[in-house]
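S.K.: If you want the building blocks of each chain, they are given just below.
Number of protein chains: 2
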Amino acid sequence: MMAKSASQEQLFIGIDGGGTKCRATIYSAQRGVLGTGLGGPANPLHGLERTLESIMVSTQQAMRDAGLRLESVHQLVAGLGLAGVNLPSLFEKISEWEHPFQKMYLTTDLHTACIGAHEGGDGAVIITGTGSCGFACVKGHSVNYGGHGFAQGDKGSGAWLGLEALKAVLLDLDGLGPQTRLSEMFKLHFNASSAMGVAEQMAGQPSSSYAKLARMVIEAAHDGDMVALTIVKDGARYISNLAKRLLEINPPRLSMIGGLSEPMQKWLDPDIAKRVEVPRQPPEMGAVYFAQNALLEEEQKVAIK
Amino acid sequence: MMAKSASQEQLFIGIDGGGTKCRATIYSAQRGVLGTGLGGPANPLHGLERTLESIMVSTQQAMRDAGLRLESVHQLVAGLGLAGVNLPSLFEKISEWEHPFQKMYLTTDLHTACIGAHEGGDGAVIITGTGSCGFACVKGHSVNYGGHGFAQGDKGSGAWLGLEALKAVLLDLDGLGPQTRLSEMFKLHFNASSAMGVAEQMAGQPSSSYAKLARMVIEAAHDGDMVALTIVKDGARYISNLAKRLLEINPPRLSMIGGLSEPMQKWLDPDIAKRVEVPRQPPEMGAVYFAQNALLEEEQKVAIK
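One line per chain: the protein sequences are S and C, in this order.
Numbering-wise (UniProt numbering), the first sequence opens with residue 1 and increments by one.
Numbering-wise (UniProt numbering), the second sequence opens with residue 1 and increments by one.
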């Protein structure tokens, strides 16, 4: 039986920053999850100030939920998963933040999502929500593919499905492409009667607005619409290839997360679809595991010295 | 011999508003082009104030160039071709402008481009620059197809070529798509070594930045790169279909204008390529012809009363 170490008592906070919200979970090895909190957008690529504010909002909410006094924030060891911190400049900027925690360990949102999905173990994860990307980590070696943002990357994602469908609808309405029932669906959705009427409502819209169209594309594909089917199958082929690329480093598990992971699964290569397992924990718990491991490594280094 | 009418002496100003600049030409039937001027961006969809300012800058420059006193702006009959005024709300807004001209006649930039290309006569025009679209006018009946903006429309345009190429490069660099020499070209262009390095420099960039990549795509296609060839041929197929759609109303002439019209011509359907004729006059002269016709019609209406 292991001696009860200080880290059994240590309070951790796992924080998962996302484009629309920030989730925080307070956890101790001894007592499990003590409280959770929710903040606003926390993608540092879209604004650093806003991100730090959302982190603090979710932190304070989680502390209140856990029945902790706000001053005890200094006792928390934080794990933080944020988009874009694979860029060294952004990693440095956030590392320099005068955060209130006892310690703060920073990594990408992909990394914490992966650690969470496999409950701290090695594995691979594919995220298909508004955007899409893949990440795998095996024995400390990690790879990531895809992402790259809307409209140049994120193939197979909600925003990509929406954009491809809109392009097909505009071609159809101009008499320059095959007919698709998506045209009637989009005209109804936008309350518009022409290509121009549909197009002007989407001009300059962010990727999240395109992602809102994805539901209709999936629906039309289910109904056998050839244009929608071609789009969905093209996206699913990409996701399958992404999975194969991740499996090259032999991760023991593969999970899919995000709003489109469930509807896309039926279109994946059967070989890939049968490999997909449920994510065991959410990304904010991945951030907790990440902080636990980082603290342990630090303590071991100190012990060796 | 026709009697010398008042409109022989009348001074006209033709104004062509574009996304990056505004061109003005002062003209009289008797004396031809008297002066030209150049202003800043004049796309009312991107800002009405800025557009009106650019119109006045180009107008004043053209007046100085013509040796006219600025007070005589009240004697000019203006023809104005602007993007987006096919939207009734925008047409109305600009019509309500307290302009300094004697009269002002407003239509779309596509319409004035078409009138200019065919020196006042009927015809069709395809614009392939940063964006793409088609317009035809025969006996007062006009049609227009395409456009719809980046990234959802404008197929076959410079921005579209650049975006499709970037998508292919990111797939290649991730090992998720066919190899293309565009990848080396783009890495060199962006001074980047990875997909991430290339992608982050294009994130959130406007369509004009994507259009700057088009030259490399055309070059790679000429060199026989299969990925670039597929993209360019797909774009050219769309432009050919757009031309066929415009030819349905039997315009007597077809012209192409914009920075990509020359390089794209060799990839068009041979049947279409041989129909393409040089534009005879620029869009700002189209705006002059438009104003001349509109004034004449008004005078005839008054005469009938």
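Hints are supplied without guarantee of correctness; some may be wrong.
Chain copies aren't distinguished; within one or between two, either way the pair holds.
Claimed, not checked - 25 angstroms max Cα-Cα, derived DSS-like pairs, lysine-lysine:
hint	residue 1	residue 2
1	LYS167	LYS244
2	LYS21	LYS167
3	LYS233	LYS139
4	LYS244	LYS139
These aren't lab readings, by the way, just hints derived from the structure by calculation.
These numbers come from a predicted model, not from an experiment.
S.K.: Could you work out which earlier hints the structure fails to respect and list their numbers in ascending sequence?
M.R.: 2, 3
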